[in-house]
Amino acid sequence: MSVRGRFIVKLGTPDELRSFRESIVAQMDPQKLCVRICMTGCRAYGAVRIRDAFLKEIKGRGLEKEVEIRETGCHGFCARAPVITIDPKDIFYQQLTAEDVPEIIDQTLLKGEIIDRLVYADPATGEKFPFNADVPFYKNQTKNVLRNCGVIDPRNISHYIARDGYDALSKVLTTTTPVEVIDTVEQSGLRGRGGAGFPTGRKWRFVRDAHGDPKYLVCNGDEGDPGAFMDRAVMEGDPHSVLEGMLIAAYAMGVEVGYIYVRAEYPIAVEHLKIAIAQAQELGLLGENILGSGFNFEIRVKEGAGAFVCGEETALLASIEGRRGMPRPRPPFPAQSGLWDKPTNINNVETYANVPLIILKGSEWYSSIGTERSKGTKIFSLAGKINNTGLVEVPIGTPVRKVIYDIGGGIPGGRRLKAVQTGGPSGGFVPEEHLDLPIDYDTLQAIGSIMGSGGMVVMDEDTCMVDVARFFLEFTNDESCGKCSICRLGSQQMLDTLTRITQGKGREEDIELLVELGKQVRDISLCGLGRTLPNPVLTSTNFFRDEYEAHIKEKRCPALVCEELVSYYILPEKCEGCMICLRNCPSEAIMGGKRMVHVIDQSKCTKCGTCLSLCPTRFSAVVKVSGEQIPVPEEPIPVAPRKPKTA
Amino acid sequence: MDTVNLTIDGIPIKAPKGEKVLWAALDNGIYIPNLCAIRRAKEPHAGCRLCFVGIEGRPGPVTACTEPVAEGMVVHTTTPEVKRLRRTAAELLIATECPDCRTCAKNRHCELQRVAAHVGVKLKPQRLRKSPKSLAIDSSNPFFILDPNKCILCGKCVWVCSEIVGADAINFTSRGFDATPMFDESCEACGECVAICPVGALVEKNLRWPKQEVKTICPYCAVGCGIYLGLDNGVIVSVRGDEENPVNRGSLCARGRFGIAEFVHHQDRLTTPLVKKGRGFVEISWEEAIELVARRLAQYKGEKFGLISSVKSTNEDNYILQKFARVVMGSNNIDSSARLRDGPTLVALGESFGAGAMSNPMDDIESAACIFVIGTNPTSSHPILGQRIRRAARNGAKLIIANPREIDLCRHASLWLRNRPGSDLALLMGMMRIIIDEGLADLSFIEARCENFDALTESLSRFDLKLAEELSGVPQQLITDAARTYAGLKPATILFGSGLTQHIHGTENVYALANLAMLTGNIGQASSGIYPIKGENNAQGACDMGALPGLLPDYQPLSGPDIREKFEAAWGCPLSPNPGLTLGEMLDTANEGRIQALYIVGADPALDMANIQQVRQALKRLEFLVVQDIFLTQTARLADLVLPAASFAEKDGTFTNIERRVQLVRQAIEPIGDSRPDWQIACRIAQKMGATGFDFEHPSQIMDEVASLLPSYGGISHQRLEDGGIQYPCPSKNRPGTPRLHTKTFIRGKGRFTPLVYRPPAEEPDDEYPLMLTIERSLYHQGNMSRKVKGLNTLRPEELVEINPLDAANLGVADGESVRVISRRGVVKVKAKITEASPPGVVCMSSNFAERPANLLTNSTLDASSKTPELKVSAIRIAKT
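Chains A and B, in that order, are what the protein sequence lines are.
Residue numbers for the first sequence follow my numbering, beginning at 1 and rising by one.
Residue numbers for the second sequence follow my numbering, beginning at 648 and rising by one.
Simulated from the structure, these hints should not be mistaken for laboratory data.
Check the hints yourself; a few may be wrong.
Sample of chain A residues lacking proximity to chain B, with all beta carbon distances greater than 12 Å (derived) [stated by the list, open to error]:
(1) Asp164
(2) Ser480
(3) Gly482
(4) Ser525
(5) Lys607
Heads up, incomplete: computed chain A residues facing chain B, CB under 8 Å, no partners named [what the hints assert, rightly or not]:
(6) Lys139
(7) Thr142
(8) Cys605
All figures in this text were calculated on a predicted structure; none of them were measured in a lab.
Every residue, glycine too, gets a C-beta built ideally from N, C-alpha and C.
Make the full structure from the sequences, and use the hints.
Next comes the structure, spelled out in structure tokens:
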């Protein structure tokens, strides 16, 4: 039910919005069969083919009137992609293929039967959960900001409006003064979801009180942390909640032009935002004299070009202005002098998406969620060595352990968790012993990490912490804009030092040097990128110093990750001389012959691991070791004769 | 100004409110290490992370470049914490971005070395490992190299190129460790980036450090930038801008920064007098030369003699030369090559306002709300002035360009009127018509300050916008927009150049601009004025000094008996009341045999004038031609006697720039070879010929005589100029000079409107010669001097004919192909450059290349009032070779 073509008249008053909503709701049948397919994240796993199969089958069977195929945003449970939900029963199917579709129609849609094969089973207990509401991954979440994600078609404004969309806007325009809006947001305790956690209401007040005309509003959608996709999910799955948040903010601060800065690497987000803006304009929810209130606001989408640093607000503003994205010193803060030197409010996507809820449900409701100093819910993206990778929303203050185990389902293969990297590449490691800390703005900082914008990468015992620190630093070093010396050069020195350590060339004093440099880069860099990039190094040297020492003193990588420090050996007592590894070694480093014990020539070995992966498990003769030498013969010798079979 | 009190390292300091701690400290002799701070910058770069200080009451160190001073603030610059932070930053810089001081041209002149010494970091890193970068070195510019491996990314080059130069040719590329500044094709080779680079990343090729420096004035264009010539053992080894000179505030262009030392010391400099013998020259002594010239000139006293004075030489030289012509030779046949460019300005602004000079100082341009730039490309011809216009546009001024060619300023402009060459008058009449019709004229200004307004309106009544569009080729709407913009934004200012004056109706063009300014009341106030852009460094001064056939020094009329009497009394001889011949007329009459002897000083009419074939013929017909110059110019080759002149670097004196600023030129080196200053040579000839009043020992004495006879220069002396230039009129020693003219009344009393009648160019394209040739100066060349500079010749090696792609396609001419450009007067073979900078139907050359002189082609038809030739429009055709 598209807007275009059906509603020529703009919504001129709040009443018209209300009756429009009522007419939409009236036309909706809550008992109608509806297949909700995630068409954002699940695309990578073949959601397009599944949707096409549904459309084809439904059409082929003439079921178009009975069944709605709805393309939605992310449902959250990415580990099980592609996923669908079937309404009205709330059936949850996962890891589908297009071939499953005819069966789903026959069995589930037409007969109401559940297909056991497609139901989610807890990997640990084997217990099956056919309904969304029961799945532990969903059950333990509090979906406020994500309430529409995976539920509505983000390209259809009617869906949003039907779920009270733009009611908050209508409410502020009719019943609330701009200052009261700011009061409400301030009382709610909402803090910036980009990671810095500045109180949103207070920022809005600064902008409102700042001298300068015009003022601007900016939405920071330049989500750059590897493994983070919270903002992406909101922009893709519920773009109108961002627009509505911006509208309310604009009304509160007296702004008429807003920008959404979104990475060009998020093409679906860009597309959905543009569609949402066009539809809102068409209905008169953006543009001039919105809902007859006299309030004007327009939103422009500015696509970023993939520089991580453009997530930093002053660099982002420079980029919007068409200049090279490089941060500048603050003060002046954007609230005083931002876009084109005018007072500018800049908030993160998720921050804006919280605003309509606060207005609708009130600041008291909002501040009842969360902790003393951190209110509301926060979205996290779970990635790495965890069973249930995906998008989760929980009240701020939830312990890390609960997110990792109750929602995330723990670590695959029964391995031990080593650390959780929170806050993206500029966050730090939370080691196992601190898993019971609540995730909020302040607590994690005490152990050197940050909640950040919500990235969570889980590491198990197979992870080398030196190597991971080097990996994150490689990213931030590469993404440093180069403007400030300490970030550009300090990160390079730290990266060089870490690289040397992982290569076994570390010196004893390197750990102190890393800590010293890291602290200085943290303390005196110009912008947030530089100030946080040492966190992985600082937390890993703090919590996993033994791993550093093993690399430096023993030339040993305990996790057997650092290539230069590991060697492959063939255990002579286990080798059966089967020739498999010998024939497949790409660098011809294995000596031996049929029924001769194979020996790896260490000078030729490139440590590709082919031998380890090919050695039949019943032999398990190839081993990977670090920091030690295994006695092997210098030349191939005959395999020990098999024990003669006794008669 | 509000000041606050603070203490830095225990020293009580007063600093202006809002000043950053860094500058407050440095101003008081307290050094805080820094590499990226620029005082003039709007916002601090804050990238070097060195200038940390401790401030009491603050939790941690803060950067001094970003922190404003506050009342009662207590600052410590050497706390252990601050020292530790600075040390790390310096160590990192040295370990990575300072490969090796021993091989670096900036060794011992490097800011990073200074920082390292201050914070106590050895240049060989200890704690950190040396990890130099390996980025490609850019040595494409003939004057400087960019070694990104030494770049500390302070951003100063990017800032200066953007905010001061306005070329925006440099920006950072790549990220993080690989980030480096990069040049694009809009680089103008001005070297501002090199001058501001604190380390060895941007350095001059062949960089040499001077042992001493002499402050003087650049000899290229009429902007008159202050420079320091750096000397080592009597040789100029460096040039830098004078930061205290208000004209350029330290900025220089490629010609000024890189084009001086090489021409001054060039092997082609004339070092001894030469006399024509057969087809060649032989060297003679000064005694013989003076004796020869005195003897020969004695035969041509009176109207058979003419003198062409130098727009490149000092005021003192020019004053002596005109005095020589008038007193020794009894002739008013004295003129200069300012005639080729500025004649219409002198006539029209003289008659409209009472003075033919710039009404306002150049400083005013940057605060104008609207700038109308017509018939000039200052980015190329007067780069430092061009930079001011770009800065004004950046500051929000609306820029209106009228030019057939797509000049650099077009990209900064709000409106670009691409009129047909020679149609400026139609455009201006159209604009005035709109202003009057739409009631945008400033009637109260006109009523109070002007006269003859009705004559103007009457003359415009027959000229409508449709006609303006037809004649100029500019759409009516654009003309209307330009008129409304110029009339609607105040203060508005007008700049014009030779594109407006070098026409047979050049004088009308300038009348039209004077009318336009008066019509809107845009004259006589801050940032509202008229800026005639004269060409050469002392074009203004040469005219002021009386190198004009019809006027005595300071534009005093020959016909005024009181005035003539004053000069006769001072000079001790009777003066002819009859106006002499102008430059063009002298050569025309030489062809007829009426002028028989010419004394040409620092001018090259055989290259610079229109239709030089005819000029060369005239010069050959002379009975006696003496040429005094620093090089053997095209004109000097035709001389009977050549006298070697000293260059600007070898003499004392003054230049007067376009904004009427008289500035001291100081001798930096001894004259090259046996060359002598122009004034000295002329004085010796005069004395040899028995004249009195030429016994000067130093140019300052000449200036004293100038001051006694020229009311505008009455208060000027060399001694006074030691403290900086003075803008004339400066009638007495206790007056400060006059930055703005016509403030309360016009110099002539009431401003006079002049009625206008449109006339087309003398020569328009026809079937036989279907294209128009126009002339525009190259950024890299001016006169004979720049051609002696290898690097400038590399940047612009040869004459080109710039041609629109459409015309090129019609002719089947490819880019870089050699073609023949043919006019009714001559043929020049040059390479074609295909560019949309030239509009269809119009081609462009630069007229700066003696080996392929565009002036073989140009039209010598004169503007009747000013006798300035129509150099800007000639009909030509192009043939493939």
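Against the structure, the hints:
1. Once the 12 Å rule is applied to beta carbons, Asp164 of chain A is consistent with being away from chain B; the minimum gap is 44 Å.
2. The claim that Ser480 of chain A lies off the interface is violated: its Cβ sits roughly 4 Å from the closest Cβ of chain B, which falls inside the 12 Å cut-off.
3. Here Gly482 of chain A does not stay apart from chain B, with its beta-carbon only about 3 Å from theirs, under the 12 Å limit.
4. For Ser525 of chain A, the requirement that its beta carbon stay farther than 12 Å from each beta carbon of chain B is not met, with the minimum near 7 Å.
5. With 12 Å as the threshold on Cβ separation, the claim that Lys607 of chain A sits away from chain B holds: the shortest Cβ distance comes to roughly 26 Å.
6. About 44 Å separates the beta-carbon of Lys139 of chain A from the nearest beta-carbon of chain B, more than 8 Å, and the hint is not met.
7. Against a cut-off of 8 Å between C-beta atoms, the interface hint on Thr142 of chain A is violated, since the closest Cβ of chain B lies about 36 Å away.
8. Proximity of Cys605 of chain A to chain B is violated relative to the hint, the smallest CB-CB distance being about 29 Å (cut-off 8 Å).
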